[in-house]
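Asker: If you read the protein sequences in the order shown, they are chains A and B.
Going by this note's numbering, the first sequence opens with residue 1, and the numbers climb by one from there.
Going by this note's numbering, the second sequence opens with residue 1, and the numbers climb by one from there.
Quick caveat, the hints were computed from the structure, so don't treat them as lab data.
Hints are not guaranteed to be accurate.
[Unchecked claim] Selected chain B positions facing chain A (in silico; Cβ < 10 Å):
no.	residue
1	Arg9
2	Ala20
3	Val21
4	Val25
5	Glu43
6	Ile56
All values reported here derive from a predicted model rather than from experimental measurement.
No residue lacks a Cβ here, since even glycine has one placed at the ideal position from N, Cα and C.
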Amino acid sequence: MFLVIDRPETQVGRRRQRWKQAIYGSFTVGIAALLVGVGIGFELVGTIGYFVGVTAGAALCLYACFVGSVTISDERFSAIERRASHYTLMGLAYAGIATFPALFVLEAAGHFEFSQTQDTLLLALSALYLVWSAVYTALRIRA
Amino acid sequence: MKNDLRSRRDAESISQEELAVAVDVTRQTINAIERERYDPSLELAFALADHFGCSIEDIFEPEDS
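Chain B with its partners taken away, still in its complex shape (with noise of 0.2 Å):
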């Protein structure tokens, strides 16, 4: 799954750990979205798109769209 966390998160100039912090996970696996090696569940997607105040689908993309 593709996505734009990283440049959401230099937008807000706060860090990994920040955003880990925000929606309660690791640092780690922040880092695992960004580089797109893990997708995250359904409820980890809400809350960043909560946090970001914007849809699911703004922020994460299937492969091959």
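Bound-form chain A, shown alone (with noise of 0.2 Å):
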């Protein structure tokens, strides 16, 4: 895989690209605060450059999106979120159907007991698509 740098050569993609290194330059110094702070023992340093970090890329992410005059993203990125977030919820929905009634099953049979970490990735994976389908029901409503 080739690491492509991106030279623009105008002056919207050069804005274009300080506002991304801008934004992905939040999220990394936040990221690496938390590793550093877990690191070092400063945890709760590390945490707050987190929190900092990720919410000076978040905010530079929607003034760029929604008040900015530069195109950070378009309707492609757009698409492949959307064929991303399907591929997962399926892929999730597909393991969860399959691997839960059977576990079900061997555990009313004696064959199996269900762990905390289970239970709570059962829950987890309930809400998500509890979510989904609220989300789901009020989008084709409205279409």
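Both chains are given apart, each in its own frame, so use the hints to dock them into the complex.
Answerer: This is how it looks when you write it as structure tokens:
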């Protein structure tokens, strides 16, 4: 895989690149602050650094998308995000449908016992699909 | 979807980035359309057709035609 470095040739392109660097830079600084903080035993400082970095990145991203005049993302990126979300949700759904009913049967038969982690995972998956179903229904009614 | 965006862009001597700025998308999206890896929305197709002063059918045609 090649690392392609974009060298914008227009002013708009350079401005777009500066925005992207600022956004990705903020996220990177936040994540690095958290890792370094945890690594050297300053968890609270790391967490604050993470919060500041991620909040700044999100704020820059929102500003660039809704207020700024630079196109950071476009319809192709949205389409890719939609496909990624679709594949992720479908993958989790198939994995859940294939796994959990079988585990319930095994538990009922006395061959298996759900651990705390598995219970939490099942709850998290259920909550995710509950939210997805609500959003889907709302969008379908409006469509 | 097949398209002749590359040749039209070459004829105008503009870069992918300049075309991207003109139709308000990223350079990567123009590149993906030229390589026929992404089919643009109707809105973007109209913007491209408008930029080149032609109709959508002049630029794009279905794969099986």
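Asker: Against each hint, give a clear statement of whether it holds in the structure.
Answerer: Hint by hint, here is what the structure shows:
A cut of 10 Å between beta carbons decides the hint on Arg9 of chain B: the least distance to chain A is about 14 Å, and the hint is violated. With its C-beta approaching chain A no nearer than about 8 Å, Ala20 of chain B sits inside the 10 Å limit, and its interface hint holds. At its closest, the beta carbon of Val21 of chain B sits 5 Å from a beta carbon of chain A; the interface hint therefore holds under the 10 Å criterion. Interface hint status for Val25 of chain B: upheld, as the beta-carbon distance to the closest one in chain A is roughly 4 Å, under 10 Å.
The beta carbon of Glu43 of chain B comes within 8 Å of a beta carbon in chain A, closer than 10 Å, and the hint placing it at the interface holds. Hint status for Ile56 of chain B relative to chain A: violated, with the closest Cβ pair at about 16 Å, above 10 Å.
Hint compliance for this structure: hints 1 and 6 are broken, all remaining hints hold.
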